[in-house]
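Let chain A serve as the given structure and place chain B on it in line with the hints.
Here is what each chain is made of, one letter per residue.
There are 2 protein chains.
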Amino acid sequence: MNFDLDKPILNKPGILNNVRVVLSHTTHPGNIGAAARAMKTMGLDTLYLVNPSHFPDPQAEAMACGADDVLRNAVVCSSIDEALRGTVFVAAMTARLRDISHEVLTPREAMPLLAHHAAQQPVALLFGTEMAGLTNEEVSKSHLLVRIPANPGYSSLNLAAAVQVICYELSVALQYAGLSLQPIEVEPAKHEELERLFVHLEDALTQIGFFRTGGSNKLMLKLRRLYARARLEQEEVNILRGILSAATEYNVRLKQDYRNELNSKVSE
Amino acid sequence: MNFDLDKPILNKPGILNNVRVVLSHTTHPGNIGAAARAMKTMGLDTLYLVNPSHFPDPQAEAMACGADDVLRNAVVCSSIDEALRGTVFVAAMTARLRDISHEVLTPREAMPLLAHHAAQQPVALLFGTEMAGLTNEEVSKSHLLVRIPANPGYSSLNLAAAVQVICYELSVALQYAGLSLQPIEVEPAKHEELERLFVHLEDALTQIGFFRTGGSNKLMLKLRRLYARARLEQEEVNILRGILSAATEYNVRLKQDYRNELNSKVSE
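So the sequence lines, in the order shown, correspond to chains A and B. Under the numbering used here, the first residue of the first sequence is numbered 1, with each subsequent residue one higher. Under the numbering used here, the first residue of the second sequence is numbered 1, with each subsequent residue one higher.
Isolated chain A, as found in the complex (with noise of 0.2 Å):
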C-alpha cells in the first residue's frame, strides 16, 4: 500500500482500523465481553480469538454492554499464525520478564511504534491467556514484548484491564503523533513471510549439523528474538533466503562435482 500524500499523514480512523486485538485461549466470556467494551470504547474493532474456551456465550454479551458488534464480528481462529496472517508487527503483552527474551518496552514507548506500522499494514497487539500469559510460541512469533509497568507486589491487571490500558495508550498516541508519523518506506516482511524463512532457516542450520548437543530450540528463539528486533523488510526475507540457497545449492554442487570427478576416475 502506497501512502497517499494529499491526505493528512494522521489517519486515526484508518490506523484503528489496522489493528487486531488477538486474544489467546481467553478462559472466562465476561473477560472477553469486558476487552471487546474496551476495545470500542478506544475507536478499535478488529478481534481475533485464538481458541477461546467459551465463545460464542451469555457472560460476553453482558460484560461487552454496547459492544456487541465486536462480539459480532470477531473471528475465532484455531491457531496463532491464523490469527497473526497478514500483520506486519506484533507486540505482544507480557506481565513478567523473561529469560530469553525479546525487546521489552513500556506502553508508552510501544504504542507510537505500533500505530507506525499500522498507518500502511495490519499489526496485532496479542494478549495470551489469563493465567499463564503467553506461550513461548506466541512470544517467538511477536516482534517485541509490551509489559504494563505494575506494582511488584501484585502485578495482574485483569485481562480486560490490560486491553483498557493498551489501546487507550494507542489512541492517545494516535492524538499525540500528528506530526510524528512519517510514512515508512519499506515493505515491512508478513508474519507468514518470517515463519517460513525460519523454517527455511532450521532446515539448512539442521542440514549443516549446526544443532550439534541438545535440540534446536533455544538456539532458533535465540535467532528469532535477534531478527525481531530488525523488524526485518521483505527484501531483506529474500536475501537471507537467498543465502540459504546459495549455501544448499553450493553444498549439492560440491557433492555433483566430486561424484562427477570419482566416476570419471572409476571409468578410467
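To be clear, the hints were calculated from the coordinates, so they are not data collected in a lab. All figures in this text were calculated on a predicted structure; none of them were measured in a lab. Hints may contain errors.
All copies of an identical chain are treated as equivalent in the list; a pair is satisfied when it fits inside any one copy or across any two copies.
[What the hints assert, rightly or not] Straight-line alpha carbon distances no greater than 25 Å define the calculated BS3-like cross-link-like pairs of lysine-lysine that follow: (1) K190 <-> K141; (2) K218 <-> K141; (3) K255 <-> K265; (4) K255 <-> K218; (5) K222 <-> K190.
Using the frame of chain A, we list chain B on its own:
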C-alpha cells in the same frame, strides 16, 4: 504531612499512600472489586466508598482477585464530604462535557498535577456512579475534571476500566518523574566484533558463490543495515559466527569425505 527537603522529591510509595480512590454510589459490587484490583496493580490501596449499593459483597471479593486487602480496608462513608475530608486536591472523572464546566484535563495532563499535591497532602480521585456519573454537587467539590479521551460514538468505559486507566496514568506520571523500570542487562557487541562478523560473513558468502553478478558491496551494505537495526549483542554475534563456521566446516568435511572416497576408488 510536611515535605522533607532532605529526601528526594519523588517518593513513589509515599505519594501513592496520599491518593485515595473515592467511588460514589457504586451500583454493582463486582465493579468495586475490579476497581480494587485495578488500584492495587498500580500500587494504590486507599479506597473510600460513598453509599455503595451492596458492600461488602461476594461479587466484590470475587472480582478483587488478590486485592481483598484493599476491600477489607475500604472506608464506607455516608456522604461525599466525609469521603473527601482531609484532602487538599480532588480530581473528578467525567465522561461528558458539561455546560457549566470546571477545567477539564486529560489524564496525562492531570495526573502529574495530582501527584504534585499528593507529594505533600492527601488527594482524591473521584468516580461517580456507573450510569449517571458525577452529580453537580460532586463536581462542585472537585478541583478539576478529568476526561479519558474516548470514541465519540461509544465513550462508556466500565468503572473499573476507568479506574485502571487513571491509576495507570498516575503511576506512569510518577515513573517518568524519576523512577523508571530497570533496563534488561545485555552486552551489546563492540564495533570491532561487528566488523569481524561482517568480514566472516562476506568470506563465507563469497565461498558459496552468493555474489554472482557484480560485486558484494551493495548486498553487504544491506546486510549491515539489517544487523545495525537489530543492535546485535555479543552473544548473537557469536551465534551468527558459529553458523558461518559450521557451514564452512560442513563444506570442508564434505570435500574431505569425497576426497577420501575418490582416493580409495583410485587406489582400488
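Here is how each hint holds up against the structure:
For the homomeric pair K190 and K141, the shortest alpha-carbon distance inside one copy (11 Å) is at most 25 Å, but the shortest distance between copies (28 Å) is not. For the identical chains of this complex, K218 and K141 are intra-copy neighbours only, at 14 Å inside a copy versus 29 Å across copies, given an alpha-carbon limit of 25 Å. Taking the closest pair of Cα atoms, K255 and K265 come within 25 Å of each other both inside a single copy (15 Å) and across two copies (16 Å). Taking identical chains as interchangeable, the C-alpha atoms of K255 and K218 are never at most 25 Å apart, the minima being 30 Å within one chain and 30 Å between chains.
Taking the shortest Cα distances, K222 and K190 sit within 25 Å of each other both inside one copy (20 Å) and across copies (19 Å).
In the structure shown, a violation is registered for the earlier hint numbered 4 alone.
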